[in-house]
Amino acid sequence: MCSHRWPPVLAGITIGISMLAAYIIAGRGIGASGAMTRFGVTLQDLFFPGLTKESAYFAQYFAHGRFPLNNWLVYMMVGLIMGSFVAARLCGELRVETLRGPNISPAGRLGLALVGGLLVGFAARLARGCTCGQALVGGSELSVGGWAFMVCVFAGGYATAYLVRKQWI
Amino acid sequence: MDLIAPFVKTGVISETVNLVLAVPIGFLFGFGLFHAGFTDSRTIAGAFYLKDATVPVVMFSAIVTGMLGLWGLSLVGFIDSAEVFFVPTYLMPAIVGGLLFGIGMVIGGYCPGTAVASLATGKLDALVYFIGFLIGSLLFGDLFPLWADFYRSDYRGVFRLDQLFDISLGWAVFLVVVVAVLGSLVLRLAERVLWRGRKGIGTTAEVAEPLSKPRRAFPVEATLAVTALLLGLAMVLFPTSAFISDEPEAAPYYIIPKASDEPQTPAK
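Protein chains in written order, with our numbering: chain H, 56 to 224; chain R, 13 to 280.
The hints are simulated quantities; they were obtained by calculation from the structure and are not laboratory data.
None of the values given here were measured: they were computed from a predicted structure.
No false leads were mixed into what you were given.
Beta-carbon label-pair distances, calculated as ranges: (1) Lys-221(H) / Asp-166(R): 31 to 41 Å; (2) Leu-151(R) / Pro-161(H): 24 to 34 Å; (3) Ser-160(H) / Ser-257(R): 54 to 64 Å; (4) Glu-95(R) / Ala-214(H): 34 to 44 Å; (5) Thr-22(R) / Leu-101(H): 31 to 41 Å; (6) Val-151(H) / Gly-23(R): 42 to 52 Å; (7) Phe-122(H) / Gly-195(R): 37 to 47 Å.
For every residue, glycine included, the Cβ atom is placed at its ideal position computed from N, Cα and C.
Excised from the complex, chain H in its bound form (with noise of 0.2 Å):
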């Protein structure tokens, strides 16, 4: 019953499938960065408040007293959680290890995970959204700016391909 690997067009229809749920219930797309922010805003303001009151950005995350992380992108991002969770158990692949290609070494590798995760924190805020949230829903949406990002996002990684071909192949 189990295969970690289903064919890619039947595990994007299940994608596919995520997203227009969210249309018909919640009349929205789905998404991943916002929740991943409100979780790095909360515990900024929890350590450092004085910060985050004077962010113009993130004052809006606690406008009229709300908590950043009872939105209903924090919700998505715990089945989130639990989806990938569950389907990693049932076949058997919840391993704590560190994925690499062969001719990288285990601390090269987090370096350079750690720089990519810190441009794209960036970016994901500057474009709104992440490949869930632009490339995906604005996709499907038929929105320009959607698909100016997804067509971007793989220039931008073809583009710089070749500068770490060595973490990968």
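Given the coordinates of chain H, assemble chain R onto it according to the supplied hints.
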């Protein structure tokens, strides 16, 4: 028919129930991400070397499914598209953000959703990537005045491809299906031609041979692709007004006055 979606907007369910139902929606999403192989950074990075077509094929399939569902259900009157929140377009920020995002994605090996899904399966590179993401997004928000003007620039409102190319919405849907099917075929072909016989990315056996599995599923996938093309073709028959109920004739409604109390909701 009284049951009109989106349910939370038309009063079928309460705001609280809406939040609760977000959990199973996310569950299905995360379940799909795992079975797509997206919890493995090597699969995702492989897309940028034309070595593994999984990422674009999964993305195309998800977009086509969501698109045919959204616009098809609007057409039959089940979804009231006037009540759906559409992502507005800020074109230049989307372009620059997309380029930076792509650079970060091939360096880091994940996008935000896949990193969290991978973290849930115990991967340490995903954990470090996640920490990097938090720092990056906090930098953006804490130093916001530096790029606030650019962030708010080039606002186009809700701006769709059919408006950009001056075609009907049905045609835009059909052409996206065509691009998705052709794009998937070309990228699969590239994967076979460029990397045939070479070792796959990574060290584990299952990642080393991702090429063999899709072949067996080809009849199923071809049937689904033809179905999507036919559904898209059917939508060509309908005028744009059949999908969007309240599109005014005179002033294109995507030219909305610029919002005054920026920043806009960074919902996504």
